[in-house]
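K.L.:
Each chain, written out:
Number of protein chains: 2
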Amino acid sequence: MKVLIIGGAGMIGQKLAQRLAKDGHLGGKPIDSLVLSDVVEARCRDCPFPMVAKVGDLSQPGHAEELVADRPDVIFHLAAIVSGEAEQEFDKGYRVNVDGTRALFEAVRKAGHKPRLVFTSSIAVFGAPFPEVIGDEFFTTPLTSYGTQKAIGELLLADYTRKGFFDGIGIRLPTICVRPGKPNKAASGFFSNIIREPLAGEEAVLPVSEDVRHWHASPRAAVGFLLHAATIDGAAVGPRRNLTMPGVSVTVAEQIEALRKVAGDKVVARIRREPDPTIMQIVAGWPRNFDASRAISLGFKADSSFEEIIRIHIEDELGGKIA
Amino acid sequence: MKVLIIGGAGMIGQKLAQRLAKDGHLGGKPIDSLVLSDVVEARCRDCPFPMVAKVGDLSQPGHAEELVADRPDVIFHLAAIVSGEAEQEFDKGYRVNVDGTRALFEAVRKAGHKPRLVFTSSIAVFGAPFPEVIGDEFFTTPLTSYGTQKAIGELLLADYTRKGFFDGIGIRLPTICVRPGKPNKAASGFFSNIIREPLAGEEAVLPVSEDVRHWHASPRAAVGFLLHAATIDGAAVGPRRNLTMPGVSVTVAEQIEALRKVAGDKVVARIRREPDPTIMQIVAGWPRNFDASRAISLGFKADSSFEEIIRIHIEDELGGKIA
Numbered sequence: 033m034k035v036l037i038i039g040g041a042g043m044i045g046q047k048l049a050q051r052l053a054k055d056g057h058l059g060g061k062p063i064d065s066l067v068l069s070d071v072v073e074a075r076c077r078d079c080p081f082p083m084v085a086k087v088g089d090l091s092q093p094g095h096a097e098e099l100v101a102d103r104p105d106v107i108f109h110l111a112a113i114v115s116g117e118a119e120q121e122f123d124k125g126y127r128v129n130v131d132g133t134r135a136l137f138e139a140v141r142k143a144g145h146k147p148r149l150v151f152t153s154s155i156a157v158f159g160a161p162f163p164e165v166i167g168d169e170f171f172t173t174p175l176t177s178y179g180t181q182k183a184i185g186e187l188l189l190a191d192y193t194r195k196g197f198f199d200g201i202g203i204r205l206p207t208i209c210v211r212p213g214k215p216n217k218a219a220s221g222f223f224s225n226i227i228r229e230p231l232a233g234e235e236a237v238l239p240v241s242e243d244v245r246h247w248h249a250s251p252r253a254a255v256g257f258l259l260h261a262a263t264i265d266g267a268a269v270g271p272r273r274n275l276t277m278p279g280v281s282v283t284v285a286e287q288i289e290a291l292r293k294v295a296g297d298k299v300v301a302r303i304r305r306e307p308d309p310t311i312m313q314i315v316a317g318w319p320r321n322f323d324a325s326r327a328i329s330l331g332f333k334a335d336s337s338f339e340e341i342i343r344i345h346i347e348d349e350l351g352g353k354i355a
Numbered sequence: 033m034k035v036l037i038i039g040g041a042g043m044i045g046q047k048l049a050q051r052l053a054k055d056g057h058l059g060g061k062p063i064d065s066l067v068l069s070d071v072v073e074a075r076c077r078d079c080p081f082p083m084v085a086k087v088g089d090l091s092q093p094g095h096a097e098e099l100v101a102d103r104p105d106v107i108f109h110l111a112a113i114v115s116g117e118a119e120q121e122f123d124k125g126y127r128v129n130v131d132g133t134r135a136l137f138e139a140v141r142k143a144g145h146k147p148r149l150v151f152t153s154s155i156a157v158f159g160a161p162f163p164e165v166i167g168d169e170f171f172t173t174p175l176t177s178y179g180t181q182k183a184i185g186e187l188l189l190a191d192y193t194r195k196g197f198f199d200g201i202g203i204r205l206p207t208i209c210v211r212p213g214k215p216n217k218a219a220s221g222f223f224s225n226i227i228r229e230p231l232a233g234e235e236a237v238l239p240v241s242e243d244v245r246h247w248h249a250s251p252r253a254a255v256g257f258l259l260h261a262a263t264i265d266g267a268a269v270g271p272r273r274n275l276t277m278p279g280v281s282v283t284v285a286e287q288i289e290a291l292r293k294v295a296g297d298k299v300v301a302r303i304r305r306e307p308d309p310t311i312m313q314i315v316a317g318w319p320r321n322f323d324a325s326r327a328i329s330l331g332f333k334a335d336s337s338f339e340e341i342i343r344i345h346i347e348d349e350l351g352g353k354i355a
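Respectively, the protein sequence lines represent chains R and Y. Under our numbering, the first residue of the first sequence is numbered 33, with each subsequent residue one higher. Under our numbering, the first residue of the second sequence is numbered 33, with each subsequent residue one higher.
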């Protein structure tokens with residue numbers, strides 16, 4: 033089978049590509065070729081099947097058509113202008129996240145081969161105030177342009193699927209934790225920073241109080257969601273094609289206690305409290321917990337605990353070693 | 033103040049225009065001018081202020097910019113490809129209902145004067161299965177392209193409002209009953225046909241069973257919703273800008289009993305039962321009842337009963353006379 037990953041150079045896109053390279057198959061079918069598309073050239077190490085990197089973005093005329101010209105059997109659409117940038121650059125966010133997504137869907141419709149199309153949405157489709165636990169039938173009232181654009185993508189995905197143009201599954205990813213790489217200034221960065229940096233022997237700043245609760249999934253779980261979404265029986269999903277993925281809901285205090293259990297007091301001592309009222313206010317408007325019953329009943333699997341999330345980071349990113 | 037009605041030649045657009053002409057003001061402010069835009073030339077009888085009709089549709093390049101060039105204070109956006117046509121003509125539906133709506137929102141953003149913008153959405157944003165009574169926080173999973181396009185319009189309206197580009201209010205209208213004019217083949221047509229035709233001395237066909245329950249508002253109530261939406265305090269609405277309008281939930285049996293009370297057995301006897309399995313199946317997927325608490329708390333007023341809906345039809349369309 034032919035696989036296309038749009039956004040293949042991003043963190044999740046790369047982990048997905050490497051997982052496909054390692055497995056050599058998807059849903060029991062051998063992978064014949066992989067295309068990685070992104071705005072920079074994506075790579076794939078030790079790829080046992082032919083891999084082609086394509087550079088471009090979906091909002092460029094003709095790019096979507098080029099990507100689907102060889103009729104990929106499975107398309108992962110992970111590409112997006114992220115939340116902060118979409119909020120700063122209104123036109124760019126709509127151009128890439130809405131027009132780009134629609135250009136892809138139209139190109140697939142015109143190709144006519146009805147592939148499985150997996151679209152990564154986000155819990156940013158929800159906007160405060162919400163119930164303590166957000167259920168599968170809660171309405172989408174985003175409070176960012178990014179969330180709006182993802183919610184529009186979800187609606188288009190469901191309608192194109194209903195019309196039989198492709199077989200789409202939208203998955204709303206939890207916040208990815210532990211996000212590898214350097215600390216960044218994203219308001220959500222501290223959820224990962226306070227785990228990743230201490231484990232690497234560095235100090236991390238905690239800008240919010242420890243009773244802040246949030247919804248997490250490891251990069252490994254996210255790749256698992258994508259693979260499951262690529263192979264699940266569409267008929268079992270029915271017309272409601274957008275699913276909140278299961279995650280782990282923990283407070284920051286519970287994150288820290290999990291870190292203590294896994295790595296000890298010495299590592300936890302590297303977390304420095306430095307309250308930041310701006311970040312506290314942003315985070316106060318974020319979801320804390322979900323009831324993802326539908327996705328769970330369809331076989332999507334979350335990490336078992338925040339300790340497991342930390343252990344996955346140590347295994348996958350640190351070669352098993354704690355500083 | 034300057035008022036623009038897009039879709040001004042339609043049934044609701046015309047009733048709104050005539051109401052504005054009769055009142056001469058909107059929200060206590062005198063109306064200085066009215067523009068009626070539609071794909072055919074709209075009229076306004078006995079208009080006490082200057083009225084200009086413009087012919088075109090929002091998906092034509094430059095039309096939206098032309099409409100907002102003189103910076104209308106209130107814009108009513110009622111124009112749409114209707115449900116059946118949007119389902120048959122996929123590209124046309126998206127072009128007018130999504131691209132046209134977005135072109136309008138962009139033109140308003142660029143004009144920079146931040147008008148009140150009232151957008152008519154629809155209960156078609158909801159898709160079965162639903163609870164017996166649909167609450168204000170129920171999710172939008174449309175089962176038609178029309179419903180999808182309206183849901184996208186709602187998301188855009190909320191985001192453009194949040195960004196301060198205009199001050200939008202989206203209102204989800206109930207099924208309009210009694211719809212004046214000739215019987216049409218819309219699947220929902222019978223809800224009006226079984227009232228309007230017997231009152232006019234004609235036979236009407238009832239294609240579903242009498243226990244079918246549905247959600248109605250009179251044309252007069254719909255105009256009331258539009259006027260209230262045009263003048264309500266946006267701050268009181270907050271960021272959730274799309275509101276399910278209140279309506280009257282009745283079964284077909286209750287519709288018929290209301291007709292009997294208002295017009296007697298002779299009129300009711302003009303309803304002929306002729307079950308149509310296709311229409312029965314379509315209608316089975318429609319909403320039956322809503323809890324429109326938010327709109328009610330914001331001052332939107334439904335008809336008081338289905339009898340009132342019938343009396344409004346007799347007053348407004350039949351000059352008070354029953355055949």
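It should be emphasised that the hints constitute simulated quantities derived from the structure, not laboratory data. Just so you know, not all the hints are guaranteed correct.
A pair counts as met if it fits within one copy or between any two copies, since identical chains are not told apart.
As the list claims (entries may be wrong) - With a straight-line Cα cutoff of 27 angstroms, these simulated DSS-like cross-link-like pairs (lysine-lysine) come out:
no., residue 1, residue 2
1, Lys146, Lys86
2, Lys142, Lys124
3, Lys195, Lys217
4, Lys146, Lys47
5, Lys54, Lys293
6, Lys195, Lys86
7, Lys61, Lys293
8, Lys293, Lys214
9, Lys34, Lys61
10, Lys214, Lys146
11, Lys61, Lys86
Just so we're clear, the structure is a prediction, and the values are computed from it rather than from any experiment.
K.L.:
Now tell me, hint by hint, if it's right for this structure.
P.N.:
Hints, one by one, checked against the model:
1. In this assembly of identical chains, the alpha carbons of Lys146 and Lys86 lie at most 27 angstroms apart only when taken from the same copy (22 angstroms versus 42 angstroms across copies).
2. Taking CA atoms no more than 27 angstroms apart as the test, Lys142 paired with Lys124 passes in both settings, with 25 angstroms inside one copy and 16 angstroms between copies.
3. Taking the closest pair of Cα atoms, Lys195 and Lys217 come within 27 angstroms of each other only across two copies (22 angstroms); inside a single copy the shortest separation is 41 angstroms, beyond that limit.
4. For the homomeric pair Lys146 and Lys47, the shortest alpha-carbon distance inside one copy (26 angstroms) is at most 27 angstroms, but the shortest distance between copies (45 angstroms) is not.
5. In this assembly of identical chains, Lys54 and Lys293 lie within 27 angstroms of each other by CA distance neither inside one copy nor across copies; the values are 31 angstroms within and 74 angstroms between.
6. For the identical chains of this complex, Lys195 and Lys86 are neighbours neither inside a copy (29 angstroms) nor across copies (35 angstroms), given an alpha-carbon limit of 27 angstroms.
7. Taking identical chains as interchangeable, the C-alpha atoms of Lys61 and Lys293 are never at most 27 angstroms apart, the minima being 40 angstroms within one chain and 67 angstroms between chains.
8. In this assembly of identical chains, the alpha carbons of Lys293 and Lys214 lie at most 27 angstroms apart only when taken from the same copy (24 angstroms versus 74 angstroms across copies).
9. Taking the shortest alpha-carbon separations for Lys34 and Lys61, only the intra-copy value of 10 angstroms comes in at or below 27 angstroms, while the best inter-copy value is 63 angstroms.
10. Neither within a single protomer nor between protomers do Lys214 and Lys146 lie at most 27 angstroms apart by alpha-carbon distance, with minima of 39 angstroms and 41 angstroms respectively.
11. Taking the shortest alpha-carbon separations for Lys61 and Lys86, only the intra-copy value of 24 angstroms comes in at or below 27 angstroms, while the best inter-copy value is 58 angstroms.
Going through the hint list in order, the structure does not satisfy hints 5, 6, 7 and 10.
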